[in-house]
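**Student:** Okay, here's what each chain looks like letter by letter:
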Amino acid sequence: MHMADALISPAVGGTMWVASAGLIGYCSKKIRTVFDDRRIPLMGVLGAFVFAAQMINFSIPGTGSSGHLGGGMLLAVLLGPHAAFLVISSVLVVQALFFADGGLLALGCNMFNLGFFPCFIAYPLVFRKIVGDKPTPVRLCIGCTAAAIIGLQLGAFGVVMETVFSDISELPFRTFALVMQPIHLAIGIVEGLVTASVVAFVWKARPEVLSAVSQSKPVGSYSIKRILIILLAVAALTGSMLSWFASSYPDGLEWAMFQTSGSEELEAPEHGIHASLASIQGSTAFLPDYGFASPESEAEEELPGQWPAIDAGTTVSGLIGGLLTLSIAVLTGYILRPRKVTP
Amino acid sequence: MADIGAHFIEIGLMDRLATKDTAIHRLDPRAKLLTTLVFVATVVSFGKYEVSALLSFFVYPIALIARGDIPARYILKKIILVAPFAILVGVFNPFLDREPLLTIGDWSIAGGWISLLSILVRFILTVGAALILLACTGINGVCLALEKLGVPRVFTAQLLFMYRYLFVIMEEGMRMVRAKRCRSFSKQDTGMKAFGHMLGHLLLRSLDRAQRIHSAMSCRGFDGHIPSMKQLRLTSGDVAFVAGWSGLFIIMRLYNISQLLGSFITEVIS
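Chains as they are written, first to last, in the working numbering: chain C, 1 to 343; chain D, 1001 to 1270.
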């Protein structure tokens, strides 16, 4: 689920770059405060391990297909969120440069989708909460699986939002999300079980590796509560703005087209307006609009009086989109904050 | 398995390419990194129906391939290897966007086809630029440039470590897979349990290796930073490289060179 440069707009790519760069700065700073130069080779070697682990496939029972480890969650469990984010980011840098997987501008998106969500959402809010202070094999297993699933769901949703906001692909939001989320649910379950089995093995063979991590309490080192409150507040604000954008304006446009031309889709334009139409098409393409989901749009046609349509789906998507955008904004705060350059 | 192994061995070729000594390789890594970023940013800033203007941007990768003595086929092969994702997301455009955008005689071409084409062109350009950057600079150069441009040292240091041990750990993993295959006769697929154990062992070996590396490096005075012998100095040539190319990209962004050329030629002919 690597985003590619070809599918994102500079605005989206740039924003995510800024967000991810801020995260790298923040994580590096965090790591320096508990400086231990043993960590650097450890991080590098574990990054290499993730690459190696991705070569080993296993068969998924009953499907005939095979899967491999993604590694984000495993790194978070072994290294803690800050170091794990840096390792995931550098794995992505190597993938972008050597394997052309992803791209340079898309690096920010990829770091955010594959690094931020597992390390800073799924790990502290799911894994930590389930495992608690005294890990047991069962708790570790449930925690890994649940966190991996949630991390991947959020990451997949990030891909959808970034694609949709970039507006290079014509895929409507709803279809794309409906394809991406279930696929990544399946991938997430597999990833979670694999992570759990590796963690269980390490727990049995060398428990001190894990206990070192479980004793340090990374959750306490930054105030999740504060971040969450800010996130929720701004997300509600942006979400409502976004959903206004998403539901009323283009629906209205659609409705207006219907009213004026008598058909949802305009006939092939042959005169000068077609350039402007192209841009209209562009701005509406991310909505579940005409050309897709015809039964619903027919239903809307019959009740033009209900415009602006209150669509629970778009409002929710707007809210989640706002959450995403705003988490980026909060993270940019870390960059604007004065910070010491490496001595 | 074999194909992944081959894929990785090809990285070695990337490293060998980076050791060449051409005018492009001698440029300051920062200059190449910045120029590549400007290139990618201008390429993706085009509207989604733009194809002709994008084509003029091929001049940059082609010039670098030529001057940097990089095998174009190798770069192309790598681009094609990763194309499926871009194609997968773009391939629905023709079905979803059927509004005719171009009419040539009786034929009309839907906007979706144009935007799909645009996605593919962007893909080749951006991915190509990243690969070429690496082939002319090498991972050490890129990391050095990143560090000089303000990326935290912790990040670049562990990135370098990761790259160095990539091959070692990879070979360790491949040995494990081979050993398992030799012992499992007809049952070739790995079940979840065996897989977990294999990965677990690989992980433990990696952890041990990290420990040994750290001990060895501590003996040699490692303090968390990998120093570089190479002194970076921006020469006027580097500045000219960045300014010249960036200026060209911006001009190509503002004026559709392909179209200007096309209309000029059609005028001359008629």
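Source of the hints: derived by calculation from the structure; they are not laboratory data.
Any given hint could turn out to be false.
Under the rule of at most 30 Å between Cα atoms (straight-line distance), these lysine-lysine pairs were calculated in the BS3-like manner [stated by the list, open to error]: (1) D/1148 with D/1020; (2) D/1230 with C/30; (3) C/30 with C/134; (4) C/204 with D/1193; (5) D/1230 with D/1020; (6) D/1230 with C/134; (7) D/1180 with C/204; (8) C/129 with D/1193; (9) C/29 with D/1193; (10) C/29 with C/129; (11) D/1148 with C/29.
Model, not experiment: these values are computed from the prediction.
**Student:** Hint by hint, note whether the structure agrees.
**Tutor:** Against the structure, the hints come out as follows:
Restraint check for residue 1148 of chain D and residue 1020 of chain D: the C-alpha separation of about 23 Å stays at or below 30 Å, so the hint holds. Proximity of residue 1230 of chain D to residue 30 of chain C is assessed by CA-CA distance (about 29 Å); at most 30 Å being required, the pair is judged to hold. In summary, the hint linking residue 30 of chain C to residue 134 of chain C is supported, as the alpha carbons are separated by about 25 Å, within the 30 Å threshold. Taking the CA atoms of residue 204 of chain C and residue 1193 of chain D, the gap is near 14 Å; set against the 30 Å cutoff, the hint holds.
A hinted pair counts as satisfied when its Cα atoms are at most 30 Å apart, and residue 1230 of chain D with residue 1020 of chain D qualifies at roughly 16 Å. Distance check on the hinted pair: residue 1230 of chain D and residue 134 of chain C sit about 49 Å apart at the alpha-carbon level, beyond 30 Å; violated. With a C-alpha separation of about 22 Å, the suggested pair residue 1180 of chain D and residue 204 of chain C falls inside the 30 Å cut-off, and the hint holds. A C-alpha spacing of about 26 Å is found between residue 129 of chain C and residue 1193 of chain D, which places the hinted pair at or below 30 Å, so the restraint holds.
Among the hinted pairs, residue 29 of chain C with residue 1193 of chain D is inconsistent with the structure: their alpha-carbon atoms are about 38 Å apart, more than 30 Å. Between the alpha carbons of residue 29 of chain C and residue 129 of chain C the distance comes to roughly 25 Å, so the proposed pair stays at or under 30 Å and holds. Between residue 1148 of chain D and residue 29 of chain C the alpha-carbon distance is near 17 Å, which keeps this suggested pair within the 30 Å criterion.
Violated hints for the displayed structure, listed by number in ascending order: 6 and 9.
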